[in-house]
Amino acid sequence: MLKQKRNKLHKFLKNKADWLRKETLKIHKVSAETRLASSLSAVEIFTVLYYGDILRYDAKNTDWPGRDRFIISKGHGAVSLYPALADLGFFDSDELMKVCKAGSFLGSIPDPVVPGFETINGSLGHGLGVACGMCVALKLKKRKEKVFVLIGDGEMNEGSVWEAIMFAGQHKLDNLVLIIDRNKICMLDYCRKIIDLEPLREKFLVFKWNEKSVDGHNVAQLHAALSSIKNYRGKKPVALIADTIKGKGVSILENDSLSHVKSLKAEEVDALIN
Amino acid sequence: MTTETKTMRDVFIEEINSRMRKNAGIFFLCADFGSPKLDQLRKEFGSRFINVGIAEQNLINIATGLAIEGFTVYAYAIAPFLTMRAYEQIRINLAMYAQLKEINVNLVGVGAGLSYDVSGPTHHCFEDLSIMRTLPNLVVFSPSDWVLTRRFVDYSIKIKKPKYIRLDGKPLPAIYRNPENLRIENGFSRLRKGKKICLVSTGYMTHKAIKIAEKLAGDGIDAGIIDVFLLTSFDERSLLNAMKGYSHVITLEEGFINKGGLDSFISSILGKGDFGIKLHRVGFKDKYVFDLGSREYLHRLNNIDEDSVARLIKKIPQ
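The listed protein sequences derive, respectively, from chains A and B. For the first sequence, position 186 matches number 186 in our numbering, and the numbering has no gaps at all. For the second sequence, position 283 matches number 1283 in our numbering, and the numbering has no gaps at all.
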C-alpha cells in the first residue's frame, strides 16, 4: 500500500475509533449497567476489524456462508461494537438508545438475538472452543473464511480456554485468529495479582501457536498485524496479543484496578463527549 | 425376548458408522473414550472423527462449533463426565443456543446408573437424568435395550435439537422384538398390561421390572410395565392415560430419587389431576455408593433389587 494511502486509512480508522468511543459512552449514559471499562479497551480492535477491511461480512445476511466468523467471548466487553454494527447496517441506529431497556434486543451482553453475533456470550471461556469446532468444519468443507475470537486476558484463567488452545495447536488450525484484549485487569484486581499470565507470548509459542504482539490502541499497528494474519496460512493458529488499557479514554477509569465495575454519572459522560 | 446380549454403544456406533458412509454431514467426536466399534469408525472416517482428548468441556464446545457450521455431531464420552464436567457448556452452547438457532448435537453418554459398578462413585451416574431434564430445548433419551437404541439413530439425525443419549455400559438382552412398531416420539412403551400395580421404569431398570413382574405373577399379582425412554416433554397425556386405571405406580430408576429424575417426571404428570394413583419411588436415596461389588450386590445393599421391590409391592393392600 502506498504510504499516502496508508496514512489516509490510519487517519480514517483513528477518527472512527474516536467516534466509537464516544458512541459507547453515550450508550453508557443510557444504560449505566453496561461495563464501560471493558468495552473501551477493545474499541480500536473492533474499529480495525470492521472498518479496516479485515472481516468479510454481509450486514443484511448475517448467516452468509462467505462471512468471516467473529466470536466475542469477553461478554460484557462487546457493547462498544453496537454503534459500529448499527453504522454498518446490521440494525437500526435508533436501537442504540434503547440498550438494556424493555423490549430492546441489545443487552449489556450480546447474544445471537443481536444481528452480527455468532454465539451465546456472558460466561467466560466458551468462545475459543466453539471457534475451534467452526475451524475444523470450515477446513473440512475447504472454505477460506477465518474464525476470529476476542477474549480478555482475565478470561484466560478459565481452564476451558487452555483446552481449546491445546486443541487448536494440535490440529494446526491456521484459520483461527485469537485476539487477546490484554487490558491486564480482572473484576477485582490486576490480573498479575490474581493469576499472573506472563510470560504470555511464550505460552502460545510452546502450545504450537504463532504469536504477534501489538499496541492495541494503535490502529496502524493493529491494521498491519491483522492484514498479514488475514492472508496467513501457516499450519498454526495465530494469537494476536493486543496490549490495551482498561477504560481507555476515560482518565478516571484508566489503570483503576476496580474499573470493571465502575459506572460513570451522566454529567461525567457529558464532559467527555462534548 | 431374544437372549442375545449387546452393548447399546456398539449397536449405536455401528449404525452411525453406516450412516456416515452415506451422509457426509455427520461428525463424530470423543473425549478419549472408546469401544470396539469405535475403532472401526475412526479408522474409516479419519477426517470426520476427532478424539479431543480428556477434555469434556472442549468436547462440547468443538461439537457446538461443528454443529453451527451445519454438521450433525455425535459427542461420545463416559456419561457422568460428559454431563457433569461439561454442564455449563451444555447449558449455554447447546440448550440456550438451540432456542435461537437450529443445532444438532447428540451427547452420547455411556455408563448409566451403576454400569461401572466397581469403579466407585465418580463413575456411577445417578444425577444425569435430573440435571439434563432441567435444561430447556434438550431431548433426554434413556433406552432400555439395544433395539430401541438403534431405532433412535434415525430420530437423532432427523430431529435437529441437542440431545442427551444415556446408554448402559453393560451388554443386555433385547426387550423389543418388533422395532418397526416402535415410535420414539411416543416417549414410552407399554410392555405389559396389569391390574392395580404398574411398574414405570427407565433404562436398565426395565430389565428388572420385567423380572419383578414375573416374580409377582407367581404370587398372583398382575403388575403392568411401562418403559419410559424419553424424559423430556412429549405426549404426556398418553403416558398419563397409560397409567390411569392403576392404583399404584412404582417408578424404578438407577438414579437418585426425589431429585428430578424419572420419579419426578412421573410425579409431575400424575400431579396434573386427582387420579387416585399412589406413587412409590424406587432408586438411590440421598447418598453416594462407596461400597464395592457387582451391580446386583449394590442393588441389594440399596434395596432396589428384585426381591426388595417385590416385597414392597406385596405390602400394598390388594
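If you are wondering where the hints come from, they were derived from the structure by calculation, not from laboratory data. No experiment lies behind these values; they were computed from the predicted model shown. Be a bit skeptical, because a hint or two may be false.
Computed footprint of chain A on chain B, listed as stretches where at least three residues anywhere in the stretch have a Cβ under 8 Å from a Cβ of chain A [as the list claims (entries may be wrong)]:
#1 1042–1051
#2 1207–1219
Partial list, derived from the structure: chain B residues whose beta carbon lies under 8 Å from chain A [said to hold, decoys possible]:
#3 1057
#4 1071
#5 1288
C-beta atoms are modelled at their ideal positions from N, C-alpha and C, and glycine is treated no differently.
Verification of the supplied hints:
Given as covered by chain A, the segment 1042–1051 of chain B passes the check, having 3 residues with a CB less than 8 Å from a CB of that chain where 3 are the minimum. Here the segment 1207–1219 of chain B counts 0 residues with a CB under 8 Å from a CB of chain A, which misses the bar of 3, and the coverage is violated. Hint status for residue 1057 of chain B: holds, given a least beta-carbon distance of 4 Å to chain A, under 8 Å. With a cut of 8 Å, the hint placing residue 1071 of chain B at the interface with chain A holds, because the nearest CB-to-CB distance is about 6 Å.
With a cut of 8 Å, the hint placing residue 1288 of chain B at the interface with chain A is violated, because the nearest CB-to-CB distance is about 25 Å.
Checked against the numbered hints above, the structure violates hints 2, 5; every other hint is satisfied.
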